[in-house]
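Q: The numbering used here numbers the first residue of the sequence shown as 15 and each following residue consecutively.
Worth flagging that the hints you see were computed from the coordinates, not collected in a lab. Don't take every hint at face value.
Pairs of lysine to aspartate or glutamate, DMTMM-like flavour, derived with a Cα cap of 20 angstroms [said to hold, decoys possible]:
no. : residue 1 : residue 2
1   : Lys111    : Glu85
2   : Lys174    : Asp192
3   : Lys287    : Glu312
4   : Lys277    : Glu240
5   : Lys174    : Glu194
Simulated DEER-style distance windows between Cβ atoms [claimed, not checked]:
no. : residue 1 : residue 2 : range
6   : Glu145    : Ser278    : 18 to 24 angstroms
7   : Arg237    : Leu80     : 47 to 53 angstroms
8   : Asp246    : Ile33     : 29 to 35 angstroms
9   : Lys141    : Thr243    : 36 to 42 angstroms
10  : Gln140    : Asp161    : 27 to 33 angstroms
11  : Gln140    : Asn97     : 19 to 25 angstroms
12  : Thr47     : Ala302    : 51 to 57 angstroms
13  : Phe57     : Pro160    : 23 to 29 angstroms
14  : Ala36     : Glu108    : 22 to 28 angstroms
15  : Ile33     : Met295    : 39 to 45 angstroms
16  : Leu31     : Arg84     : 31 to 37 angstroms
17  : Lys142    : Thr109    : 48 to 54 angstroms
18  : Lys277    : Glu108    : 52 to 58 angstroms
19  : Gly191    : Ser49     : 23 to 29 angstroms
Every residue gets a Cβ at the ideal spot worked out from N, C-alpha and C, and that includes glycine.
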Amino acid sequence: MWEVKIGEIIKKKREKLGIRQADLCGGICTVSTLSKIENGLMFPTSFKLRYLMERLGIDTEQYFILSSTREIELNNILEELNNSFKTEPKSTGETLKKAYDLMNEDNAAERQTVGAYSLRNDILEQKKPFETIAAEALELLRITHPDLSSDAAERSLYSKTEWNILIDYGKTLVLIGDKERALEVLSKVRQYLARKYMDYELIREGYETVTLGIVEILVSLGRFVEADTYSDELIEVFSKNKGMANLAEVMINRTIIAINLKKSPDCVKRMIKQTREVIKMDKGIETAERFDDYIRKECGHL
């Protein structure tokens with residue numbers, strides 16, 4: 015392990031990408047503070063530093079970031095929450111309270127990060143109306159992005175926490191039936207995730223989730239030509255990475271698209287066969303039966 019001047023790394027990456035200081039630090043700190051960080055005159059809190067690095071596509075896992083005792087404790091609690099979401103999503107209330115008690119209210123990055131975990135908890139518990147959860151997600155975004163207009167969005171930079179909130183916001187809009195607005199949100203997220211300087215492996219799961227969400231919305235809106243382009247891209251992504259968690263959903267949607275675009279019978283038959291094989295491996299009997307019911311209804315004997 016060796017010591018590096020992280021401010022210098024941030025400055026070089028920002029200048030290489032042609033990003034203004036005001037756009038990088040927006041919602042996190044002032045331009046004056048960022049200048050001090052870049053010139054080694056100030057060391058930010060670990061949460062602010064992660065936001066700045068991730069907004070530039072820098073892999074924070076490559077660096078050991080100095081943290082205060084309080085920040086270490088807060089990070090441990092957030093890690094505990096993350097594990098709970100995978101095993102016991104309905105028993106996180108007390109842990110969330112500890113996180114809120116520890117966070118620095120005046121630190122936008124901390125406040126938004128803890129809020130993002132609370133948002134995910136609300137989505138998993140489903141005790142609140144999804145309209146309320148969507149409003150909470152939007153409010154969380156505005157902590158670091160008070161201006162969500164189209165012009166501002168073009169210049170916006172997002173940390174992993176921020177784009178996870180965007181993804182949850184888009185998915186929640188789908189659940190309340192606001193598909194057009196969800197499509198707009200998810201398309202913006204996807205454009206951001208596709209920026210060339212982003213480390214693809216760091217964002218692959220989010221990229222796949224968002225693109226699949228776009229496919230499903232386009233299919234539900236009957237916009238099959240657009241959906242076809244996105245679904246082909248997802249298959250290409252899967253062939254390169256062999257790790258997509260939602261391949262069955264992709265294959266089901268591709269088959270629906272092929273049927274509605276009236277592709278050749280041989281093409282449709284091939285897709286149906288491939289989709290059935292994937293469903294058997296990934297989704298089980300119930301999904302297979304629903305898929306077969308759809309095929310019988312739309313294609314008869316196939």
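Q: Give a verdict on every hint.
A: Hints, one by one, checked against the model:
1. Lys111 / Glu85: Within the cut-off at roughly 15 angstroms; holds.
2. Lys174 / Asp192: Violated, at about 24 angstroms.
3. Lys287 / Glu312: Holds: Lys287 and Glu312 sit about 15 angstroms apart, inside 20 angstroms.
4. Lys277 / Glu240: holds (15 angstroms)
5. Lys174 / Glu194: violated (24 angstroms)
6. Glu145 / Ser278: 18 to 24 angstroms: Violated: the Cβ-Cβ distance is about 43 angstroms, outside 18 to 24 angstroms.
7. Arg237 / Leu80: 47 to 53 angstroms: For Arg237 and Leu80 the Cβ distance comes to about 49 angstroms; the hint holds.
8. Asp246 / Ile33: 29 to 35 angstroms: holds (32 angstroms)
9. Lys141 / Thr243: 36 to 42 angstroms: holds (38 angstroms)
10. Gln140 / Asp161: 27 to 33 angstroms: Given a distance of about 31 angstroms, which is inside 27 to 33 angstroms, the answer is holds.
11. Gln140 / Asn97: 19 to 25 angstroms: Check passed, 20 angstroms falls within 19 to 25 angstroms.
12. Thr47 / Ala302: 51 to 57 angstroms: holds (56 angstroms)
13. Phe57 / Pro160: 23 to 29 angstroms: holds (26 angstroms)
14. Ala36 / Glu108: 22 to 28 angstroms: violated (40 angstroms)
15. Ile33 / Met295: 39 to 45 angstroms: holds (43 angstroms)
16. Leu31 / Arg84: 31 to 37 angstroms: holds (32 angstroms)
17. Lys142 / Thr109: 48 to 54 angstroms: violated (18 angstroms)
18. Lys277 / Glu108: 52 to 58 angstroms: Because 53 angstroms falls inside the window, the suggested range holds.
19. Gly191 / Ser49: 23 to 29 angstroms: Given range 23 to 29 angstroms: violated, Cβ gap about 46 angstroms.
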